[in-house]
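**Student:** So the sequences go chain by chain: Y and G. Heads up, the final residue of the first sequence is numbered 384 in our numbering, and it's a clean run with no missing numbers. Heads up, the final residue of the second sequence is numbered 384 in our numbering, and it's a clean run with no missing numbers.
It should be emphasised that the hints constitute simulated quantities derived from the structure, not laboratory data. Fair warning: there could be bad hints in the mix.
To be verified - Quick list of in silico lysine-lysine cross-link-like pairs, BS3-like style, CA-CA up to 30 angstroms:
#1 G:K172 to G:K187
#2 G:K312 to Y:K93
#3 Y:K312 to Y:K378
#4 Y:K93 to Y:K107
#5 G:K93 to Y:K312
#6 G:K312 to G:K187
Claimed, not checked - Cβ-to-Cβ under 7 angstroms is the rule here; a few derived chain G residues that face chain Y:
#7 S96
#8 L100
#9 H150
#10 I158
Backbone N, C-alpha and C define an ideal beta-carbon position, used for all residues, glycine too.
2 protein chains.
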Amino acid sequence: MSVYTSVSEAQLGDWLKNYSVGRLLECEPIKAGIENTNYFVTTTQGRFVLTLFERLPAEELPFYLDLMAHLARHGIPCPAPIANLANQFLGHLNGKPAALVTRLAGTSIEKPTRAHCEELGALLARMHLAARSFSAYLENPRGPKWWRFAAKEVAPFLDAPRRALLEKELAFQAEHRFPDLPRGPVHADLFRDNALFHEERISGVIDFYFAGVDTFLYDIAVCVNDWCLDSPANAKALLAAYHAVRPLNDLERDAWSATLRAAALRFWLSRLYDFHLPRPGMLVHAHDPEHFRKLLEARIAKPAPWSA
Amino acid sequence: MSVYTSVSEAQLGDWLKNYSVGRLLECEPIKAGIENTNYFVTTTQGRFVLTLFERLPAEELPFYLDLMAHLARHGIPCPAPIANLANQFLGHLNGKPAALVTRLAGTSIEKPTRAHCEELGALLARMHLAARSFSAYLENPRGPKWWRFAAKEVAPFLDAPRRALLEKELAFQAEHRFPDLPRGPVHADLFRDNALFHEERISGVIDFYFAGVDTFLYDIAVCVNDWCLDSPANAKALLAAYHAVRPLNDLERDAWSATLRAAALRFWLSRLYDFHLPRPGMLVHAHDPEHFRKLLEARIAKPAPWSA
Numbered sequence: 077m078s079v080y081t082s083v084s085e086a087q088l089g090d091w092l093k094n095y096s097v098g099r100l101l102e103c104e105p106i107k108a109g110i111e112n113t114n115y116f117v118t119t120t121q122g123r124f125v126l127t128l129f130e131r132l133p134a135e136e137l138p139f140y141l142d143l144m145a146h147l148a149r150h151g152i153p154c155p156a157p158i159a160n161l162a163n164q165f166l167g168h169l170n171g172k173p174a175a176l177v178t179r180l181a182g183t184s185i186e187k188p189t190r191a192h193c194e195e196l197g198a199l200l201a202r203m204h205l206a207a208r209s210f211s212a213y214l215e216n217p218r219g220p221k222w223w224r225f226a227a228k229e230v231a232p233f234l235d236a237p238r239r240a241l242l243e244k245e246l247a248f249q250a251e252h253r254f255p256d257l258p259r260g261p262v263h264a265d266l267f268r269d270n271a272l273f274h275e276e277r278i279s280g281v282i283d284f285y286f287a288g289v290d291t292f293l294y295d296i297a298v299c300v301n302d303w304c305l306d307s308p309a310n311a312k313a314l315l316a317a318y319h320a321v322r323p324l325n326d327l328e329r330d331a332w333s334a335t336l337r338a339a340a341l342r343f344w345l346s347r348l349y350d351f352h353l354p355r356p357g358m359l360v361h362a363h364d365p366e367h368f369r370k371l372l373e374a375r376i377a378k379p380a381p382w383s384a
Numbered sequence: 077m078s079v080y081t082s083v084s085e086a087q088l089g090d091w092l093k094n095y096s097v098g099r100l101l102e103c104e105p106i107k108a109g110i111e112n113t114n115y116f117v118t119t120t121q122g123r124f125v126l127t128l129f130e131r132l133p134a135e136e137l138p139f140y141l142d143l144m145a146h147l148a149r150h151g152i153p154c155p156a157p158i159a160n161l162a163n164q165f166l167g168h169l170n171g172k173p174a175a176l177v178t179r180l181a182g183t184s185i186e187k188p189t190r191a192h193c194e195e196l197g198a199l200l201a202r203m204h205l206a207a208r209s210f211s212a213y214l215e216n217p218r219g220p221k222w223w224r225f226a227a228k229e230v231a232p233f234l235d236a237p238r239r240a241l242l243e244k245e246l247a248f249q250a251e252h253r254f255p256d257l258p259r260g261p262v263h264a265d266l267f268r269d270n271a272l273f274h275e276e277r278i279s280g281v282i283d284f285y286f287a288g289v290d291t292f293l294y295d296i297a298v299c300v301n302d303w304c305l306d307s308p309a310n311a312k313a314l315l316a317a318y319h320a321v322r323p324l325n326d327l328e329r330d331a332w333s334a335t336l337r338a339a340a341l342r343f344w345l346s347r348l349y350d351f352h353l354p355r356p357g358m359l360v361h362a363h364d365p366e367h368f369r370k371l372l373e374a375r376i377a378k379p380a381p382w383s384a
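Chain Y extracted, bound-state conformation (with noise of 0.2 angstroms):
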């Protein structure tokens, strides 16, 4: 479980008298997140989450919370982090920066059918044009600079065949950046956990804290690489909703294989990070690297042409 800091409701309801969402009722710690603790929170005004900043710094807290903020008051359905009597949406509680922010509706699927998947397109497309107008910056955390050091941290722990496809890959993503392609702030790890569905409509798209400035062509290829693994037509299915709404140009379409290539080694890394150099207290069991390996040699062996 992932709950680092633990809050008592007696310390909670104090500090809910620095807001204006009433009594608390209910606090209940979430296992699933291993960044954060976080706690779901029912007071007499509605249902909110609680989340302890464990380990993100403190700068980047404002860029996560107004970003959510600022999609939400477009009418995404997001996180909406609750300000207190101060106007401000970062707080601290129990020596950690904590945030209350609203808690939305719906479950997650894990076999997303077609539907789902255009579902998903058109609201990330949507997502897209709503975060044009957000004028914070944050480069992604995880992008080219990150996985230059995660490299150099896990290469001692990989074989011969892995440390080559892994150097090989850094290599051909170092010659396949793509500065003109439409970016802004992306929400940079929309997998299926983190997409809320109630009566076959996305209710919330959730987790914010790997957000960050890219393209928004990373974005798609982080979903897809998770959403339709399995199936081509789904995954054009999500491409065609998602043209729909914002449509691609061709630059983008003539970058599609390379960005699904640089988001499955993406996770690669973090996965072969987490695995290798877990952090101290983590107690969730890292995910199997080898599933984004193998990804990753599959997208080498055929790339995905663009197809929407």
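Following the hints, complete the assembly by docking chain G onto the known chain Y.
**Tutor:** Relative to chain Y, chain G alone:
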């Protein structure tokens, strides 16, 4: 009904392309309300209310919309304005300023119980605390200046006793201003039909288009004059619930009965005005002004002492 400006599905569908709220599914005129044209709007992404502003001064609209956005970001269940792709709350549709806001669940209560009045009192106090950090300023547009204007307009339609009552009360109020009471942006029109309840909790406070800066006590008085008319016990419960969240000071207690009279006067005047000077195209039946005349006389004859 109050649809002054009609909007076709085709027009609305087109206009919604300026927003990140998905595709239009349904659009239905709202018959209640007399100030604006309103539609329920359902898209693939959610439920909204579209408002076309028919007569509010354009320069006041940002105050109302920004106040709602401010309260919503503090967790107050009020309509949250949706920003368009230019990041603006205010757009234009069919020649009118127009805004899209979230649609809240719940229904209004005609005969509130003591529990409803307690809910309202607590929420009102939380709303006032949250509103204190809102920095824009708009004087209550139905405050003392407007009373004097409206009194002049309606006087010719009144018989001698009513004219005398009006003059006497205006004089009394002029001698009983309370510049030192806590003040801030207040709803100023929180009648029963402007609060929605769901499962015995307030799920929405709506219609902020009479909001302005005034004393918090005035906002409470407007509520008590409508919600607790026949029940001193309910009034006491509302005040006690409010006081538990934002304790009222001695000045406020002393000003209570004069403020109840001010709130009665304001609505007597506006109902007289709408009754005798109806606006062209206003097809809603004007409320009977006599209700608030009687209430004002009752408040004069038997001042309600502070009690919570």
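**Student:** Against this structure, judge whether each hint is valid.
**Tutor:** Taking the hints in turn, this is what the structure says about them:
With a CA separation close to 36 angstroms, the supplied pair K172 (chain G) and K187 (chain G) exceeds the 30 angstroms bound. Straight-line distance between C-alpha atoms of K312 (chain G) and K93 (chain Y) comes to about 23 angstroms, which keeps the hinted pair within the 30 angstroms bound. A distance of roughly 16 angstroms separates the Cα atoms of K312 (chain Y) and K378 (chain Y); the hinted pair therefore holds under the 30 angstroms criterion. With a C-alpha separation of about 26 angstroms, the suggested pair K93 (chain Y) and K107 (chain Y) falls inside the 30 angstroms cut-off, and the hint holds.
With a CA separation close to 23 angstroms, the supplied pair K93 (chain G) and K312 (chain Y) stays within the 30 angstroms bound. Only pairs whose Cα atoms come within 30 angstroms are accepted, and K312 (chain G) paired with K187 (chain G) is accepted, the gap being roughly 16 angstroms. The beta carbon of S96 (chain G) is positioned within 7 angstroms of a beta carbon in chain Y (closest approach about 4 angstroms), and the interface hint is therefore held. Interface restraint check for L100 (chain G): the shortest CB-CB distance to chain Y comes to about 13 angstroms, outside 7 angstroms, so the restraint is violated.
Because the beta carbon of H150 (chain G) sits about 5 angstroms from the nearest beta carbon in chain Y, less than 7 angstroms, this interface hint is met. Because the beta carbon of I158 (chain G) sits about 4 angstroms from the nearest beta carbon in chain Y, less than 7 angstroms, this interface hint is met.
In summary, the structure is inconsistent with hints 1 and 8 from the numbered list given earlier, while agreeing with the others.
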